[in-house]
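A.B. asks: Can you build the whole structure from these sequences, using the hints too?
Chains V and P supply the protein sequences, listed in that same order. The opening position of the first sequence corresponds to residue -8 in our numbering, with each subsequent residue numbered one higher. The opening position of the second sequence corresponds to residue -18 in our numbering, with each subsequent residue numbered one higher.
Read the hints as simulated data drawn from the structure, not as lab findings. Small disclaimer: the values here were computed from a predicted structure and weren't measured. Virtual Cβ for every residue (Gly too), placed ideally from N, Cα, C. There could be a bad hint or two in this list.
Okay, the calculated beta carbon distance ranges per label pair [claimed, not checked]:
hint, chain 1, residue 1, chain 2, residue 2, range
1, V, V87, P, D57, 40 to 48 Å
2, P, Q54, V, R(-7), 55 to 63 Å
3, V, P180, P, A182, 30 to 38 Å
4, V, V120, P, G238, 35 to 43 Å
5, V, L192, P, A321, 55 to 63 Å
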Amino acid sequence: MRRAINIVPGSGTRILLALLPFLLIAYLYVVVSAERRTANPGDKLLPPIAEMATSMDRLATEPDRRSGDLTLWSDTAASLQRLFIGLGVAAAVGLVLGLTLGLLPVASAGLSPLVAVISMIPPMAILPVLFIVFGLGELSKIVLIVIGIAPFLVRDLAMTVGAIPREQIVKAQTLGASTWQLTLRVALPQAMPRLIEALRLSLGPAFLFLISAEAIAAESGLGYRIFLVRRYLAMDVILPYVAWITLIAYLLDSLLAWLARRVFPWAYVQEARL
Amino acid sequence: MRFGNGRFGFRTLSAALGLSLSLLAGGAHAEPKKEFNIAWTIYVGWMPWPYAADAGIVKKWADKYGITINVKQINDYVESINQYTAGGFDGVTATNMDGLTIPAAGGVDTTILIIGDFSNGNDGIVSRTANTPAELKGESINLVELSVSHYLLARALETAGLSEKDVTIVNTSDADMVAAFKSPETSTVVTWNPLLAEVKAEPGSAALFDSTQIPGEIIDTLMVNTEVLKDNPDFGKALAGIWYETMSVLTDPGEKGNAARAAMGAMSGTDLAGFEAQLAATKLFATPQEAVAFAESEDLVKTMDLVRTFSFDHGLLGDGAPDKDIVGIAFPGGQVLGSADNVKLRFDASYMKLAAEGSL
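C.D. replies: Written out as C-alpha cells, the structure reads:
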C-alpha cells in the first residue's frame, strides 16, 4: 500500500522541492513591492530587487565618498575579523576548560558550578558594564562574543569528555598513560569533532552578539551599516546585507561541517548518507 | 478523507499573503476618518503632547471636532519616525532634518503643521580634551551618526575650517551615550538633552560648541501625513488647538504652570528644576504669532538649504538621488526649494495662523 511516509522524492524532485519555498518568497516579495511602488513611487520599505542590486553594486565597487573604502568589503572584513577572533578565543577557552573540567574531578568540583552560573548571565544585560571595563573599541565587541558563547562551549565539551566510557580511561591507565597523555591521546581526539559541532551551533549566537555590539558603537562592520542606514529607512541596503550575512553564516557552517568530516572521518562513520 | 478540492491555489494564497503584508506595512491611502494616531518620544520640546493627553486637553479639542486623537509614546526616536513613514501613525514629533530624510525622502508627503521650538543649547559637543572646534582635529568623536548631532558637528567643524575627514566618527547609540562617555577612551561626544546634561556633569569635561551658535537650525516640530490632513482638516485644527492651549499652560509663570512643568519633567525622567533647565536651552514658540513669523521668515529657507545640502552629502536623500534638489520643500509663501514636481515636505503655517486669529 502506498503511504505518505514511503514516498521518497528523486534527486531532481528534491532540488525542485528545495527551491520552491525560496521562489515562492521571492515571488511574493516582487508582487508586494511592485504594489507599494505603484501606490508611492518613493516607497522605501520594500524596494524592488533591481534597486537592491544597484545599491549593492555601488557599495561593493565604488569607494565611499568620505572614507574612500569599498563599503561592503571593508564592512565584511571588519565584522569577520571580530567574529573569527571571538570564535577563536571562545573555542580555545572551551577546549582547555572543557577538557580540564571533563577529566579532572577536582577541577570540576571547583569550577563547574561557577561556569554553570556564568553561562546563565545574559551577555546583553552586562553590556554597559563591558563598555566601561573594556572601552568602546574592538576589545569589548570581541569580549561580548567570547562571553556569549564560551560558557556554552565549555559545558558542552565538559559533558562530552565526561561521557567518555570509563573503560577507555581505565585501559589507557593500565597501558601506562599519564593524565597528560590521557588528555592528549584519549580525550582530545574525541573532543575535537564535538568542538566543531558546537562551534557550528554557536555561529548564530556569535553573529547575534557581533551585530548587537556593532549596533551600539562602531565605525565599520555589517551590523554597523544596518543600524546606520536604518536611520533613513534604506531597506535597499538593509535587506541585501541581511542576505549577505545569512550567506556568510551558511558558508561558514558548511565549511566547518566539511572540515570535521575531512579531518575526523572516523567520528562520522555512523552518519546516514543522503 | 480528502481536504477540499485543491482550488485554494497558488494565486489565492499569494494574493492573501500579499494583502496581509501590505496591511501590515500600512497603506498610504488617505480617506476621511474619525480616529487619528500621533507618536511622540521623550524630548523637552515634545513633552507638551503627553501632558495634553493626560490633562484632557487632547480630548477636549478632539471632541470639539468630533474625532478621536490617540497620543502614543514610542521608546525609540528613529523607530517612531519609521513607524510614521510606514503608515502606522498619522503624525509624529520629529526634527526638520529627520522629517526631510526619513518620510519625505521616502516619498511620504509630509506637512510640518506645528513648529514648536528650536534647539538653543539643547544639542552640544562635550569634550575632555578639546576646548574649541579647531582642537577637534584628529579626535575620535562618539555620536548618533546621521542625526542632528552629526549635523551640529559638521557645522562646528565648518566654523573652524575643518571637515569630517579631519575627525573619526564612531556611531554610538543614544541609549549608551552616557555609559560611553564614562569609558576613558571616549574623549568627545555630541548629544542632546537630557543626555547632554549628564555628560557635561562628568568631571573634567566642557561643552565646546552647542546649538546656540546655530540658532534656528535644529527645529522641533509636529508633522502629519499631507494626504490625511488634506482629507481631514479638522485633524489639523484640533492639533493646533491642543498645542497652543498647552503652550499657554506651559508658559504660565504661576502655580498652574509650575504643576504642568513638573508633570512634564516627571514624564521625561527629571524634575521641575531639570525640566526648566532644558526649557532654558530651548527657544519655545509660546504663541502661534511667533511660530508663524518664524515659518514665514527667509531664514527658514536658508536653514533648510543647509540641512538638505548636509543630507545629500551624507547620502540621506537616497542613493538614487542625483542632487539635493530631488526632494522639494515648500514654504508658506509658496516658495519651493528643490524639485517643484516632487514636493514632499511642506511647512504649512495656515493652522498656526488659525490659532493666532483665535478662529479654531
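A.B. asks: Go ahead and decide if the range 40 to 48 Å is satisfied by the Cβ distance of V87(V) to D57(P).
C.D. replies: 41 Å, holds
A.B. asks: Indicate whether the distance between the beta carbons of P180(V) and A182(P) respects the range 30 to 38 Å.
C.D. replies: Violated: the Cβ-Cβ distance is about 58 Å, outside 30 to 38 Å.
A.B. asks: The hint says 35 to 43 Å between V120(V) and G238(P); measuring C-beta to C-beta, is that right?
C.D. replies: 41 Å, holds
A.B. asks: Between L192(V) and A321(P), does the beta-carbon spacing fit 55 to 63 Å?
C.D. replies: 57 Å, holds
A.B. asks: Just to be sure I understand the hint, the distance between the Cβ atoms of Q54(P) and R(-7)(V) should be within 55 to 63 Å; is that true here?
C.D. replies: Hint holds: Cβ distance 60 Å, inside 55 to 63 Å.
Taken one by one, the earlier hints fail for this structure only at number 3.
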